[in-house]
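So the chains spell out like this:
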Amino acid sequence: MTQLANTSTTSHAARTDTDAAAEPGTTRVVLTTEEDLLTVRHAVRAATLAVGFGIVDQTRVVTAASELARNAYIHGGGGVLTIDCPRRHGGKGLRLTIRDEGPGIPDVDAALVDGFTTGAGLGHGLGGARRLMDEFEVRTVPGGGTTVVATRWVPR
Amino acid sequence: MSGPASTGVPILRLGDVLITGLLNELDDKAALAFTHELTERISADRVRGVLIDISRLEIIDSFVARTLMELAMMARLLGARVIVAGMRPPVAITLVELGIELVGVETALNAEQGMAALGWRQSPQPPEGAHRDSTR
Numbered sequence: 001m002t003q004l005a006n007t008s009t010t011s012h013a014a015r016t017d018t019d020a021a022a023e024p025g026t027t028r029v030v031l032t033t034e035e036d037l038l039t040v041r042h043a044v045r046a047a048t049l050a051v052g053f054g055i056v057d058q059t060r061v062v063t064a065a066s067e068l069a070r071n072a073y074i075h076g077g078g079g080v081l082t083i084d085c086p087r088r089h090g091g092k093g094l095r096l097t098i099r100d101e102g103p104g105i106p107d108v109d110a111a112l113v114d115g116f117t118t119g120a121g122l123g124h125g126l127g128g129a130r131r132l133m134d135e136f137e138v139r140t141v142p143g144g145g146t147t148v149v150a151t152r153w154v155p156r
Numbered sequence: 001m002s003g004p005a006s007t008g009v010p011i012l013r014l015g016d017v018l019i020t021g022l023l024n025e026l027d028d029k030a031a032l033a034f035t036h037e038l039t040e041r042i043s044a045d046r047v048r049g050v051l052i053d054i055s056r057l058e059i060i061d062s063f064v065a066r067t068l069m070e071l072a073m074m075a076r077l078l079g080a081r082v083i084v085a086g087m088r089p090p091v092a093i094t095l096v097e098l099g100i101e102l103v104g105v106e107t108a109l110n111a112e113q114g115m116a117a118l119g120w121r122q123s124p125q126p127p128e129g130a131h132r133d134s135t136r
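Chains A and B, in that order, give the protein sequences. Going left to right, the first sequence walks through residues 1 to 156 as my numbering numbers them. Going left to right, the second sequence walks through residues 1 to 136 as my numbering numbers them.
Treat the hints as calculated values from the structure; they're not laboratory data. Take these hints with a grain of salt, some might be off.
Part of the chain A face toward chain B, derived, beta carbon under 7 Å [as the list claims (entries may be wrong)]:
(1) 36
(2) 38
(3) 87
(4) 134
Using 20 Å as the maximum straight-line C-alpha spacing, the simulated SDA-like pairs for lysine to any residue come out as follows [as the list claims (entries may be wrong)]:
(5) 29(B) to 39(A)
(6) 29(B) to 42(A)
(7) 29(B) to 11(B)
(8) 92(A) to 25(A)
(9) 29(B) to 77(A)
(10) 29(B) to 25(A)
(11) 92(A) to 52(A)
(12) 29(B) to 86(A)
(13) 29(B) to 46(B)
(14) 29(B) to 74(A)
(15) 29(B) to 52(A)
(16) 29(B) to 58(B)
(17) 29(B) to 78(A)
(18) 92(A) to 55(A)
(19) 29(B) to 66(B)
(20) 29(B) to 113(A)
(21) 29(B) to 55(A)
(22) 29(B) to 88(B)
(23) 29(B) to 70(B)
(24) 29(B) to 34(A)
(25) 29(B) to 92(A)
Backbone N, C-alpha and C define an ideal beta-carbon position, used for all residues, glycine too.
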């Protein structure tokens, strides 16, 4: 496990869109305190409104952001959220990139299973957030932090 | 803001029922403080029911869900019944997709129906200028 784990990068993207070009309007939120979790919600809510999501999608994306931000705060010791608005085939989306410098996730597949928790939550954070988004990717290196990239597209 | 004792969320008592609500801006610390305050009040006021209005909550993530489940469980251990009222439809949809069932948490469509479930009935309005009786 130890040798392999050093370079383990696990991808759970439903689909990766390489030609999705980011718009200039990106927002960064630095997560260092618990209050920043509220800042994350506000920033993501504003972004979902700007992109034109309906109320249910707004709720899904803000909830997913809240789960991912809390994961980064609790397990990663804080992190940085980047919000941007990729485009593909004329459609708009919202992409959350949450990066932390924590210990990494030893077993991503286990962490994505409902009920798995090493912290104070319900263990629905990662797997639940994945279900709320269209695309979801976890990159983690033991000892080298975790990056989650999650995108939801505006339905057309 | 740093005081652990109170969250500033009003907790009202009507007969043997406590009425309160959660605010959208509730952070984790405030949620825990609220849990402590509410359980203290259940015991001190000897109530049998608690209505928690959540119509202001724009999202319920797994942390808030856990807080509600723990609140309901603690209240039950103290002999009180908790009803969570007024969940917004998008919040309900999102909770289901998250895979959270709010096990053990009773819900009602709105505060009025929640109060009815706790045994409160709407009585006809007394005529204008009638003597007000604070007891029921």
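The hints, checked one at a time:
1. Annotation: residue 36(A) was flagged as interfacial toward chain B, and the flag is violated, the nearest CB pair being 10 Å apart, outside 7 Å.
2. Satisfaction of the interface hint for residue 38(A) is found here, the shortest Cβ-Cβ separation to chain B being roughly 6 Å, below the 7 Å cut-off.
3. For residue 87(A), the interface hint is violated, the least distance from its beta-carbon to any beta-carbon of chain B being 25 Å, above 7 Å.
4. Proximity of residue 134(A) to chain B is violated relative to the hint, the smallest CB-CB distance being about 12 Å (cut-off 7 Å).
5. For the suggested pair residue 29(B) and residue 39(A), the alpha carbons sit about 15 Å apart, so the restraint of at most 20 Å is met.
6. Of the supplied pair hints, the one linking residue 29(B) and residue 42(A) holds, its CA atoms being roughly 18 Å apart against a limit of 20 Å.
7. Proximity of residue 29(B) to residue 11(B) is assessed by CA-CA distance (about 18 Å); at most 20 Å being required, the pair is judged to hold.
8. Only pairs whose Cα atoms come within 20 Å are accepted, and residue 92(A) paired with residue 25(A) is accepted, the gap being roughly 13 Å.
9. About 17 Å separates the Cα atoms of residue 29(B) and residue 77(A), which keeps this hinted pair within 20 Å; it holds.
10. A distance of roughly 32 Å separates the Cα atoms of residue 29(B) and residue 25(A); the hinted pair therefore is violated under the 20 Å criterion.
11. Distance check on the hinted pair: residue 92(A) and residue 52(A) sit about 9 Å apart at the alpha-carbon level, within 20 Å; holds.
12. Restraint check: the Cα-Cα separation between residue 29(B) and residue 86(A) comes to about 35 Å, which exceeds 20 Å; the hinted pair is violated.
13. A C-alpha spacing of about 26 Å is found between residue 29(B) and residue 46(B), which places the hinted pair above 20 Å, so the restraint is violated.
14. Taking the CA atoms of residue 29(B) and residue 74(A), the gap is about 13 Å. The hint holds against a cut of 20 Å.
15. In summary, the hint linking residue 29(B) to residue 52(A) is not supported, as the alpha carbons are separated by about 32 Å, beyond the 20 Å threshold.
16. Proximity of residue 29(B) to residue 58(B) is assessed by CA-CA distance (about 18 Å); at most 20 Å being required, the pair is judged to hold.
17. Our distance criterion of 20 Å between C-alpha atoms is met by residue 29(B) and residue 78(A), whose separation comes to about 17 Å.
18. Simply put, residue 92(A) and residue 55(A) have alpha-carbon atoms about 16 Å apart, close enough for the 20 Å limit, and the pair holds.
19. Restraint check for residue 29(B) and residue 66(B): the C-alpha separation of about 13 Å stays at or below 20 Å, so the hint holds.
20. Under the criterion of a C-alpha separation no larger than 20 Å, the hint pairing residue 29(B) with residue 113(A) is inconsistent with the structure, at around 27 Å.
21. Simply put, residue 29(B) and residue 55(A) have alpha-carbon atoms about 27 Å apart, too far for the 20 Å limit, and the pair is violated.
22. The straight-line distance between the Cα atoms of residue 29(B) and residue 88(B) is roughly 23 Å, outside the 20 Å bound, and the hint therefore fails.
23. Straight-line distance between C-alpha atoms of residue 29(B) and residue 70(B) comes to about 15 Å, which keeps the hinted pair within the 20 Å bound.
24. Taking the CA atoms of residue 29(B) and residue 34(A), the gap is about 8 Å. The hint holds against a cut of 20 Å.
25. Of the pairs offered as hints, the one joining residue 29(B) and residue 92(A) is violated, with about 36 Å between alpha carbons and a cut-off of 20 Å exceeded.
In the structure shown, a violation is registered for the earlier hints numbered 1, 3, 4, 10, 12, 13, 15, 20, 21, 22, 25, in ascending order.
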